[in-house]
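K.L.:
Sequences and hints are given; from them, build the entire structure.
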Amino acid sequence: MNLQFLADGVIMGALIALGAVGVTLTYSILRFANFAHGEFIAWGTYMTLAIVAAFGVFTGPAHPIGALSFGWQVIAAGVIAALLTGLFALALDYLLFSRLRNRGNAIVMVMASFGASMALRSLLEFFFTSRPQYFSRDIQMALPMGLGIRLTPDQIFLLVMTAVIVIATERFITLSPAGRAMRAVSENPVLARVAGVDVGRVIRAASMLGGALACAAGVMLGLTVQIRPFMGFDLLLPLFAAAILGGIGSVPGAVLGGLIVGISESLGVQIVGADYRAAIAFLILIAVLLLKPAGIFGRRE
Amino acid sequence: MSEPVLAVDNLNAGYEAGAPIVRGVSLTLMPGEIVALLGPNGAGKSTLIKAIAGLVPKFGGTVEFEGDDITGTQAHELARRGLGFVPQTENVFAWMTVADNLRLAADVLPRAEQAGQIESVYALFPDLARQRELAAGQLSGGQRQMLAVARALIARPRLLMLDEASAGLSPLLVRQVFAKLKEIRASGITILLVEQNVRAALSFADRALILVEGIVAHEGPAAEIARDPAIARLYLGGKAA
Chain A
1 MNLQFLADGV
11 IMGALIALGA
21 VGVTLTYSIL
31 RFANFAHGEF
41 IAWGTYMTLA
51 IVAAFGVFTG
61 PAHPIGALSF
71 GWQVIAAGVI
81 AALLTGLFAL
91 ALDYLLFSRL
101 RNRGNAIVMV
111 MASFGASMAL
121 RSLLEFFFTS
131 RPQYFSRDIQ
141 MALPMGLGIR
151 LTPDQIFLLV
161 MTAVIVIATE
171 RFITLSPAGR
181 AMRAVSENPV
191 LARVAGVDVG
201 RVIRAASMLG
211 GALACAAGVM
221 LGLTVQIRPF
231 MGFDLLLPLF
241 AAAILGGIGS
251 VPGAVLGGLI
261 VGISESLGVQ
271 IVGADYRAAI
281 AFLILIAVLL
291 LKPAGIFGRR
301 E
Chain B
1001 MSEPVLAVDN
1011 LNAGYEAGAP
1021 IVRGVSLTLM
1031 PGEIVALLGP
1041 NGAGKSTLIK
1051 AIAGLVPKFG
1061 GTVEFEGDDI
1071 TGTQAHELAR
1081 RGLGFVPQTE
1091 NVFAWMTVAD
1101 NLRLAADVLP
1111 RAEQAGQIES
1121 VYALFPDLAR
1131 QRELAAGQLS
1141 GGQRQMLAVA
1151 RALIARPRLL
1161 MLDEASAGLS
1171 PLLVRQVFAK
1181 LKEIRASGIT
1191 ILLVEQNVRA
1201 ALSFADRALI
1211 LVEGIVAHEG
1221 PAAEIARDPA
1231 IARLYLGGKA
1241 A
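The listed protein sequences derive, respectively, from chains A and B. Letter by letter, the first sequence follows residues 1 to 301 in this note's numbering. Letter by letter, the second sequence follows residues 1001 to 1241 in this note's numbering.
One thing to keep in mind: the hints can contain errors.
Said to hold, decoys possible - Label pairs and their computed distance ranges (CB to CB): (1) A/F114 <-> B/S1120: 47 to 53 Å; (2) A/F126 <-> B/T1073: 44 to 50 Å; (3) B/L1134 <-> A/L87: 24 to 30 Å; (4) B/E1003 <-> A/A178: 32 to 38 Å; (5) A/V190 <-> B/P1031: 51 to 57 Å; (6) A/R171 <-> B/M1030: 46 to 52 Å; (7) B/R1132 <-> A/V190: 48 to 54 Å; (8) B/K1182 <-> A/M111: 49 to 55 Å; (9) A/L100 <-> B/D1009: 33 to 39 Å; (10) A/M111 <-> B/M1030: 50 to 56 Å.
Said to hold, decoys possible - To be clear about the criterion: a stretch of chain B counts as covered by chain A if any three or more of its residues have a C-beta under 8 Å from a C-beta of chain A, and this derived list gives those stretches: (11) 1091 to 1099; (12) 1102 to 1113.
If you are wondering where the hints come from, they were derived from the structure by calculation, not from laboratory data. The beta carbon of each residue, even a glycine, is placed where N, CA and C say it ideally should be.
P.N.:
Put into structure tokens, the structure is as follows:
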């Protein structure tokens, strides 16, 4: 066994971390497990794909940037799609969750999100079929990084982008007034209202941010693996495992949780085989819920 | 005579429309007045001030703040308009620093005034100023209560409502909290407080209302109520004398 599994685990872990940051923020503020989060990932990626195609009509074939497999079109499309996915998450909240929220029953919300998740996934299959798609079909050469580890330029891009997005999100939550309001609502919504925070507005902002982060994670996944309607749904369990392991509401926790889940999956594949990859996140989730339900950086509950 | 700061008229409030906890309560607070809401457990004191603060549904009657009808105004809007409320429990953000608790409250002020207002509140609470970067959850019980009051003062309220500010504190800390409230009242702020600590409340307040089963059973100057053994026996478990 060489150390490549570790690099693969970190790549997967970074992807999971990026998605888990969105999950942990929305979970702590919206106060229910939103199964449709996986669909934000897939819809964001397909929107990016569609926008890249639209660019292609005007600009002709894309030229890759440097050693990367894709051109500026993917990055620009990803930014636009992140915004659109944020609005999409906001629309779903307005159409569905906001109507159920006042009943104060988290199970109703979870079930509604499960239904929305299935409907949205089916729509993707209807529009785009379930055949895998790619941002680029170029074969990339992996570069030796030392210690027997090889990474492709796209994977290096993924790690850098993930770090930038996660750090920016963490700084935003820690330092900005909107981030402060989000932390306040996640800890104590009643006191937040008393302190002058418009909780409805914070919920809308968190939905949008969660959607945008989901889109970013989806595009990264699409760049390094492939684009399928089930891509988000399949990632959902690792995302929740990472967010809960890190402690709901904690951005650093989600990152650490994501890396642990990613590396564990990669290590598990080495030991018991790829067939059991999906079981590993599930085992981590069960272990955390049994042993330390509040997670690594978690609070009460 | 000047306009009342708060005018509650015939208010019904509670959690179910069919069974209001507060029933037909009226009360008026003039500027600078300190009024205590007293009464046995379950009388509806907390429900009444939570309803005024926009946290409990109202089923009838009106609430006016500085002449404006605020019966249907949302809680966060009231906080921005100068109605401060200190809840009884979980009244600080335990996982945020002392500084962030105050910054959050200051976010309702114009940006240019935020830092200055935070510093002037720190000047009133030097103990908190020394522990700015500590998580609020790590403060002692008394300091936490001080932070809760400090947080409410940040938005420069003209009316401050306190729900059992002294609950669960030792007699020494109760004295400290009331000493701080006396400093605050010197600034001319109007205060409405719910208290279990009858003696401390009556020595602090100008006027008191005694609530029994959601209805105002007695109302009068605090000194008079403190002297009246019949009231103490009837409503306050004999604690006033």
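K.L.:
Do the Cβ positions of A/F126 and B/T1073 conform to the proposed distance bound of 44 to 50 Å?
P.N.:
holds (46 Å)
K.L.:
Just to be sure I understand the hint, the distance between the Cβ atoms of B/K1182 and A/M111 should be within 49 to 55 Å; is that true here?
P.N.:
holds (54 Å)
K.L.:
How does the coverage statement for the stretch 1091 to 1099 of chain B fare against chain A, requiring three or more residues with Cβ below 8 Å from a Cβ of that chain?
P.N.:
With 6 residues in contact (Cβ-Cβ under 8 Å with chain A), the coverage given for the stretch 1091 to 1099 of chain B holds.
K.L.:
Does 24 to 30 Å hold as the CB distance between B/L1134 and A/L87, or does it fail?
P.N.:
Violated, since B/L1134 and A/L87 (Cβ atoms, about 40 Å apart) do not stay within the stated range.
K.L.:
Using the Cβ atoms, figure out if B/E1003 sits within 32 to 38 Å of A/A178.
P.N.:
Holds, at about 36 Å.
K.L.:
Holds or violated: the stretch 1102 to 1113 of chain B covered by chain A, criterion of 3 or more residues with Cβ-Cβ distance under 8 Å?
P.N.:
It holds, with 5 qualifying residues against the three required.
K.L.:
With respect to the beta-carbon atoms only, verify the hint that B/R1132 and A/V190 lie 48 to 54 Å apart.
P.N.:
violated (25 Å)
K.L.:
Do A/F114 and B/S1120 keep their Cβ atoms within the hinted range of 47 to 53 Å?
P.N.:
This hint holds: roughly 51 Å between Cβ atoms.
K.L.:
Looking only at beta-carbon atoms, does the pair A/L100, B/D1009 fall within the given range of 33 to 39 Å?
P.N.:
holds (35 Å)
K.L.:
A/M111 and B/M1030, beta-carbon distance inside 50 to 56 Å?
P.N.:
With Cβ atoms ~52 Å apart, the hint holds.
K.L.:
Given the hint of 51 to 57 Å, check if A/V190 and B/P1031 actually sit that far apart at their C-beta atoms.
P.N.:
violated (28 Å)
K.L.:
Should the hint that A/R171 and B/M1030 are 46 to 52 Å apart at their CB atoms be regarded as holding?
P.N.:
holds (47 Å)
Hint check: violations occur at hints 3, 5, 7; the rest are consistent with the structure.
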